[in-house]
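Novice: Letter by letter, the chains look like this.
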Amino acid sequence: MTHICIQPYDGCKKDIVDEIAKRLMETIKLPVKILPPVEEPVYAFDPGRKQYYSTKILRYIVNNHDSDALRTIGIINTDIFIPVLTYVFGEAQLNGRAALVSSARLKQEYYGLKPDRSLLADRLFKEVMHELGHTFGLTHCGIDSCVMTLSNSTAGIDRKTANFCENHRDEFMKKLRELEIYDEK
Amino acid sequence: MKSKPCIMIVDDEEIVRTSLSSWLREDGYEVLIEESGKRALEDLKNHDCDLMLVDLKMPEMDGLQLMKEVKKSLPDLPVIIMTAYATVDTAVKAIKEGAYDYFMKPFDPEEISLTIKKILKQQRLEQENIYLRKELAKQFQFHQLYSKNKKMQEIFELIKTVAKTDVTVLIHGETGTGKELIARALHAESLRKDRPFMPVSCASLTETLLESELFGHEKGSFTGATNAVKGVFEVADKGTIFLDEIGDISQKLQMDLLRVLETKEIMRIGSTVPIPVDVRVISATNRDLKKSIENNTFREDLYYRLNVITIDIPPLREKPEDIPLLVEQLIEKFNVETGKSVKKVNEDALSMFMQYGWPGNIRELKNVIERGVVLAKSDIITINEIGPCLGKKTEDTGKTDTLSLETMERNHIASVLKNNSWNISVSAQILGIDRTTLYNKIKKYNLEDNHK
Numbered sequence: 001m002t003h004i005c006i007q008p009y010d011g012c013k014k015d016i017v018d019e020i021a022k023r024l025m026e027t028i029k030l031p032v033k034i035l036p037p038v039e040e041p042v043y044a045f046d047p048g049r050k051q052y053y054s055t056k057i058l059r060y061i062v063n064n065h066d067s068d069a070l071r072t073i074g075i076i077n078t079d080i081f082i083p084v085l086t087y088v089f090g091e092a093q094l095n096g097r098a099a100l101v102s103s104a105r106l107k108q109e110y111y112g113l114k115p116d117r118s119l120l121a122d123r124l125f126k127e128v129m130h131e132l133g134h135t136f137g138l139t140h141c142g143i144d145s146c147v148m149t150l151s152n153s154t155a156g157i158d159r160k161t162a163n164f165c166e167n168h169r170d171e172f173m174k175k176l177r178e179l180e181i182y183d184e185k
Numbered sequence: 186m187k188s189k190p191c192i193m194i195v196d197d198e199e200i201v202r203t204s205l206s207s208w209l210r211e212d213g214y215e216v217l218i219e220e221s222g223k224r225a226l227e228d229l230k231n232h233d234c235d236l237m238l239v240d241l242k243m244p245e246m247d248g249l250q251l252m253k254e255v256k257k258s259l260p261d262l263p264v265i266i267m268t269a270y271a272t273v274d275t276a277v278k279a280i281k282e283g284a285y286d287y288f289m290k291p292f293d294p295e296e297i298s299l300t301i302k303k304i305l306k307q308q309r310l311e312q313e314n315i316y317l318r319k320e321l322a323k324q325f326q327f328h329q330l331y332s333k334n335k336k337m338q339e340i341f342e343l344i345k346t347v348a349k350t351d352v353t354v355l356i357h358g359e360t361g362t363g364k365e366l367i368a369r370a371l372h373a374e375s376l377r378k379d380r381p382f383m384p385v386s387c388a389s390l391t392e393t394l395l396e397s398e399l400f401g402h403e404k405g406s407f408t409g410a411t412n413a414v415k416g417v418f419e420v421a422d423k424g425t426i427f428l429d430e431i432g433d434i435s436q437k438l439q440m441d442l443l444r445v446l447e448t449k450e451i452m453r454i455g456s457t458v459p460i461p462v463d464v465r466v467i468s469a470t471n472r473d474l475k476k477s478i479e480n481n482t483f484r485e486d487l488y489y490r491l492n493v494i495t496i497d498i499p500p501l502r503e504k505p506e507d508i509p510l511l512v513e514q515l516i517e518k519f520n521v522e523t524g525k526s527v528k529k530v531n532e533d534a535l536s537m538f539m540q541y542g543w544p545g546n547i548r549e550l551k552n553v554i555e556r557g558v559v560l561a562k563s564d565i566i567t568i569n570e571i572g573p574c575l576g577k578k579t580e581d582t583g584k585t586d587t588l589s590l591e592t593m594e595r596n597h598i599a600s601v602l603k604n605n606s607w608n609i610s611v612s613a614q615i616l617g618i619d620r621t622t623l624y625n626k627i628k629k630y631n632l633e634d635n636h637k
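Line by line, the protein sequences are chains A and B.
The first sequence maps to residues 1 to 185 in my numbering.
The second sequence maps to residues 186 to 637 in my numbering.
Don't take every hint at face value.
Unchecked claim - Which stretches of chain A does chain B cover? Using the computed rule of at least three CB atoms under 8 Å from a CB of chain B, they are:
{"hint": "1", "region": "81–87"}
{"hint": "2", "region": "143–153"}
What the hints assert, rightly or not - Here are the computed lysine to aspartate or glutamate pairs in the DMTMM-like style, where the Cα-Cα straight-line distance is at most 25 Å:
{"hint": "3", "chain 1": "A", "residue 1": "Lys-56", "chain 2": "B", "residue 2": "Asp-197"}
{"hint": "4", "chain 1": "A", "residue 1": "Lys-56", "chain 2": "B", "residue 2": "Asp-486"}
{"hint": "5", "chain 1": "A", "residue 1": "Lys-33", "chain 2": "A", "residue 2": "Asp-122"}
{"hint": "6", "chain 1": "B", "residue 1": "Lys-189", "chain 2": "A", "residue 2": "Glu-171"}
{"hint": "7", "chain 1": "B", "residue 1": "Lys-281", "chain 2": "B", "residue 2": "Glu-254"}
Please keep in mind that the hints were generated in silico from the structure rather than gathered at the bench.
A virtual CB, placed ideally from N, CA and C, is assigned to each residue, including glycine.
Model the full structure from these sequences, guided by the hints.
Specialist: As structure tokens, then:
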């Protein structure tokens, strides 16, 4: 139980998913495995809202979670929501095993702007780190640069870095040590 | 102290409760969830909650009814109303009835997040503000006295220095300036603080009664003296006696008092046995005793005996900077006494207070605020409630240079009558005239007892 799984959904660009996996591996120093893409989750589609219900997808990921994996993070290309909010960028089980991130609203073209691949990868990586943090029990941060800062807009995501602040990094490392992933050196 | 702010979600739809609560928990809040208004009210009894998110449409008790119930016991708890079917009418109604905000489901995450942050920040600032105001008030508090005024601060310092000794203190100040509170502070700061403090109002008793009150009497010493009674000098042994309106006592009592101060012994009326007493004497007057000495109505030797230290209390009109502080303290006092929750007096009323002459000083301000708190229709006192209490600005302010002799006489008679609750005999005695003359003066100056 020492690796992180990425579960891409159909429609996600392979090169971007690969880049996310590589950056994740470099940042958290754990192996990252990319699972074969799965079909868009029609079971979670809400025809009234024309969006996918993120909690349903998350539940599916949890139920199909590889027990050898430490965490599984779904990456989806469609717009997701939770019933009480108009949209979410992602959803995670706080202190749980799975998380989901959507790239739909991270793309410049969603806002009528010119596509920007590098910006999309940056945003997606930050949101993956953010939701992964939640699965390790980290809550939102008051430090603007910390990746655990709550961002409800792309401008907010662009303002923060992809790194944890000192406190959240310590908390993250502590959780990994508790899981006996890292040796005390 | 709570580490996380606590938000309560009340919604009959489970899906809303779970999705909103997990989203808020990620944001670092402690979240309580309830499915009905009734359960929410129960839960609030056991939990200290900072904000409520309440669904408008719920069976049995709807969101607005729940909010009304909550506001009865927790008026400052902010409530956000949520609904899936927003109309302008319901939104206006919710805000009018005290909701902090009104959100349509589903919410824009950025909007709701910012609103919650704003509410919690505002709450924290309000709590800080209340704390700091209390701390600030403490800085200007000396026992039951509050003042920012430089002269008053000097008096507080003087009290601390003088209190530890047994020297006599004469407090001089207009009526209502808090002479007794100064005397009590002196007692509380002294080594006698655990022994009795006995105030005696010298002007309210006849000579015989006052003599008996001070020195006690033996059984049968005068008609009605059916038992032996201790006087305050005996009761206050090792404590402090406060002789208010000392300028009003008779020549005979002045002599008796002088003897007690010199010998530290008293004799009950009807007895020849001296009883040793260890009492500190603090006296007070609103008269100019030096003038009374010139007029031979007050003994010079007694004056010097009583007046080792003089404390001269400035009238309220000379320390307007104290008015806002006093108003705040008095509102708090009367809120407790009346069970109301008045917050302040409005700007117009406060500016009227600052300009008014306050002939009755703090006692008058106290009466005005008490009336305001009782009559206030909202949590703010306005001129409508207190305006009628305030008299003319300059008439009784003590600035007498420009007044005619007749006006002076009228004001003085009115003031003596008022201070003695229109007791004609006592007032006549104080004024040094007989009752008939006083009645004629009342008629001449058209004076009326407004409290009848």
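Novice: Sort out which numbered hints this structure fails and list those numbers smallest first.
Specialist: Failing hint: just 4.
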